[in-house]
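Read top to bottom, the protein sequences are chains A and B. Number 300 in numbering that gives the first Met the number 0 belongs to position 301 of the first sequence; there are no gaps in the numbering. Number 164 in numbering that gives the first Met the number 0 belongs to position 165 of the second sequence; there are no gaps in the numbering.
Keep in mind that the hints were calculated from the coordinates and are not lab data. Careful, some of the hints might be misleading.
[To be verified] Derived SDA-like pairs (lysine to any residue); straight-line CA-CA distance at most 20 angstroms:
{"#": "1", "chain 1": "A", "residue 1": "Lys189", "chain 2": "B", "residue 2": "Asp256"}
{"#": "2", "chain 1": "B", "residue 1": "Lys298", "chain 2": "A", "residue 2": "Asp154"}
{"#": "3", "chain 1": "B", "residue 1": "Lys174", "chain 2": "B", "residue 2": "Cys233"}
{"#": "4", "chain 1": "B", "residue 1": "Lys117", "chain 2": "A", "residue 2": "Ser17"}
{"#": "5", "chain 1": "B", "residue 1": "Lys265", "chain 2": "B", "residue 2": "His255"}
{"#": "6", "chain 1": "B", "residue 1": "Lys227", "chain 2": "A", "residue 2": "Asp154"}
{"#": "7", "chain 1": "A", "residue 1": "Lys271", "chain 2": "A", "residue 2": "Gly294"}
{"#": "8", "chain 1": "A", "residue 1": "Lys219", "chain 2": "A", "residue 2": "Trp229"}
{"#": "9", "chain 1": "B", "residue 1": "Lys38", "chain 2": "B", "residue 2": "Leu49"}
{"#": "10", "chain 1": "B", "residue 1": "Lys265", "chain 2": "A", "residue 2": "Leu134"}
{"#": "11", "chain 1": "B", "residue 1": "Lys161", "chain 2": "A", "residue 2": "Phe241"}
{"#": "12", "chain 1": "B", "residue 1": "Lys269", "chain 2": "A", "residue 2": "Phe130"}
{"#": "13", "chain 1": "B", "residue 1": "Lys117", "chain 2": "B", "residue 2": "Ile143"}
{"#": "14", "chain 1": "B", "residue 1": "Lys269", "chain 2": "B", "residue 2": "Leu167"}
{"#": "15", "chain 1": "A", "residue 1": "Lys106", "chain 2": "A", "residue 2": "Glu2"}
{"#": "16", "chain 1": "B", "residue 1": "Lys269", "chain 2": "A", "residue 2": "Gln131"}
{"#": "17", "chain 1": "B", "residue 1": "Lys174", "chain 2": "A", "residue 2": "Gly294"}
{"#": "18", "chain 1": "B", "residue 1": "Lys117", "chain 2": "A", "residue 2": "Arg19"}
{"#": "19", "chain 1": "B", "residue 1": "Lys114", "chain 2": "A", "residue 2": "Asp20"}
{"#": "20", "chain 1": "B", "residue 1": "Lys298", "chain 2": "A", "residue 2": "Gly368"}
{"#": "21", "chain 1": "B", "residue 1": "Lys265", "chain 2": "A", "residue 2": "Gln131"}
{"#": "22", "chain 1": "B", "residue 1": "Lys158", "chain 2": "A", "residue 2": "Gln133"}
{"#": "23", "chain 1": "B", "residue 1": "Lys161", "chain 2": "A", "residue 2": "Phe130"}
{"#": "24", "chain 1": "B", "residue 1": "Lys265", "chain 2": "A", "residue 2": "Pro132"}
{"#": "25", "chain 1": "B", "residue 1": "Lys298", "chain 2": "A", "residue 2": "Asp20"}
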Amino acid sequence: MAEQCAVIGIGQTKHRESRRDLSLPGLVRDAAIRALQDADMTWKDIDSIVIGTAPDMFEGVMMPELWLSDALGAAGRPIFRVHTAGSVGGSTAVVASHLIQGGVHEKVLTLAFEKQSEANAMWALSPVIPFQPQLVAGAGGYFAPLIRSYIRRADAHPDTGCMVAVKDRQHGLLNPNAHLHLNQTLAEVKASPMLWDPIRYSETCPSSDGAVAMVLVSEKHVGRVKNPAWVKGTSVRTERTFFAGRDQVSPAAGKLCAKDVYDEAGIRNPLKEIDCAEVYVPFSWFEPMWLENLGFAEEGEGWRMTMEGKTKLGGEMPWNMSGGVMCTNPIGASGMLRFAEAARQVRGTAEQHQVEGAKVALGHAYGGGSQFFAMWIVSSER
Amino acid sequence: MSEILSAPYVLEYTYTRSTGPVVGRFLENLRYEVLEGVKTADGRVLCPPLEYDEDGEPTTGEFVPLRPSGTVKSWSWVQEPRKGHPFDRPFAWALIQIDGTDNAMVHTVDAGKAKRMKTGMRVRLRWADEKNGTIRDIACFEPISPFLPGPVHLEYEVKPGKHYSAYLRGLQEGKLIGGKDPEAGKVYVPPRGADPMTGNPTSEYVEVADVGVLTTFTIIRIPFEGQKLTPPYCFGAIVLDGTDNPIYHLISGVPHDEIRMGMRVKAKWKPQDEWETSLENILYFEPSGEPDVPFDSYKEHL
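Kindly generate the complete structure, drawing on both the sequences and the hints.
This is the structure we're talking about:
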């Protein structure tokens with residue numbers, strides 16, 4: 000790395016089921032302006048824009064980055080679009096950080112968004128293709144069998160998924176930007192209807208409209224900013240959806256991505272050296288699954304950390320302090336929200352959901368059929 | 000006690016209304032789909048116009064053209080319209096502030112459902128087809144949606160390719176065809192052309208059994224747009240005997256609460272005369288009757 004990269008501006012919209020008040024350009028603009036204000040910058044200061052969103056089928060707008068370029072001050076500047084399905088928010092931030100680290104640009108605006116209310120992701124994920132029956136029913140239909148496999152393999156306590164849902168929703172109550180503000184009891188979550196057995200309604204993420212933006216700069220532009228979040232490690236890994244012997248519960252690409260990002264950040268023991276994490280958990284059971292995949296727990300032991308309350312705010316290893324994807328899911332933005340919330344933690348600007356004294360945080364995103372992974376480690380120390 | 004005497008009595012007469020210069024102009028304009036307000040002495044705009052404002056002052060006689068849209072200030076839902084109501088379906092009475100005015104008009108909103116009504120909602124005026132210079136020349140107001148329909152229609156030609164075609168032609172004959180990498184020995188159903196792990200061509204076609212192990216599954220209970228099956232239904236991953244990757248299909252012929260990981264299942268085929276080049280030739284997989292297999296024997300396929 001030629002250059003150090005730091006986050007000095009973070010902005011996000013209020014996330015809601017439907018932001019009818021905003022057009023798509025208005026939505027991305029809202030997040031971008033907030034990030035620029037936070038960085039004490041204007042459009043003129045920006046060298047390039049890196050933007051990400053979920054596959055175009057999700058909104059039915061082909062190459063939205065072209066349409067949105069005016070709203071993002073991109074006239075006369077390079078704008079790049081990143082595509083990696085659900086992990087896109089994460090990999091978009093990674094690409095932006097690489098532009099800084101590689102010395103290509105010094106001040107980059109990166110942004111991710113989704114307006115789910117204008118589309119139907121369930122439809123987009125359940126196509127009726129010639130020569131085969133329609134079998135899959137959205138993301139839940141795809142991931143539910145993997146969750147069943149995890150429960151069997153880890154012999155996990157059946158309440159684990161419900162515990163995560165209760166915990167993340169409690170965290171979401173502390174986040175005014177979160178879409179869902181639900182004060183739910185374990186009994187209420189357990190009583191919610193099964194959608195894709197073993198996934199209950201209350202164990203799934205919502206559909207949200209929202210956007211998030213960050214301003215990333217090289218060291219010389221950090222200037223007088225007191226609390227930059229330094230990017231200490233980044234990694235992106237992928238694997239194929241189907242191959243013989245593929246471990247879909249704990250994919251190799253996720254393990255490799257974690258190892259790579261820890262190596263780059265000099266982390267040997269994530270449980271000891273990371274203070275908190277924002278991890279892509281769209282179905283509550285993915286918390287214990289990723290606790291294991293990311294090396295926070297031994298294989299088969301992730302659910303115990305959840306059940307023991309270790310992943311709560313105030314616990315040994317808080318996960319998804321913002322309420323996470325379980326409270327807010329503008330798909331394309333969900334990954335970058337994890338990265339941005341990790342950066343907010345180490346900047347000490349996470350307000351009511353701040354982990355006291357957080358110095359090192361992990362941001363994580365995944366997508367596709369658990370195929371695409373993106374992660375970063377941010378730190379309050381250079 | 001004697002019966003109380005009673006008889007119906009109808010009082011009906013068409014009076015003449017002198018509308019005056021202000022309201023008269025307003026109503027006459029409605030015939031031509033023109034909406035106007037009147038200015039008050041203190042500079043406010045009223046629609047419907049009044050000759051005298053609430054302070055007792057005569058309005059100025061200066062008319063202002065208005066856009067036929069406004070905001071609902073208050074409303075009351077009528078679920079069961081009565082005789083004489085302007086609608087024979089549920090509607091709302093509402094106070095509507097026409098854009099650019101300072102008062103509100105009593106009129107109706109044709110919203111279909113009470114759920115669509117909201118104080119502060121935006122509405123547009125709908126003109127009546129037949130006009131006679133009365134307030135009913137405004138048929139009603141209707142909700143303004145900030146949304147435009149954005150239809151997308153794409154047409155593709157799907158060409159499944161050499162290996163997938165071999166698989167589909169096999170299905171047409173009631174066979175399940177896999178592709179084998181002779182070096183690594185892995186068998187993929189459907190054939191993929193290359194073993195994703197080695198990159199070697201899966202040059203050898205092999206017919207595999209239509210029986211296997213249900214490794215994992217879900218019961219789908221959620222309805223969604225475009226869904227072809229009626230929930231609840233079971234969707235499972237099946238590793239066919241002699242293959243190395245799961246295929247996905249429906250599991251049926253067994254109560255949902257008896258479906259288990261490790262259950263042996265067998266394809267239930269459609270009648271032969273309905274076979275096509277499609278996996279739909281297999282209706283579903285059902286228990287084969289063989290004993291379940293131990294977890295360790297299929298844990299590599301999860």
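Which of the listed hints are broken here? 3, 6, 17 and 25
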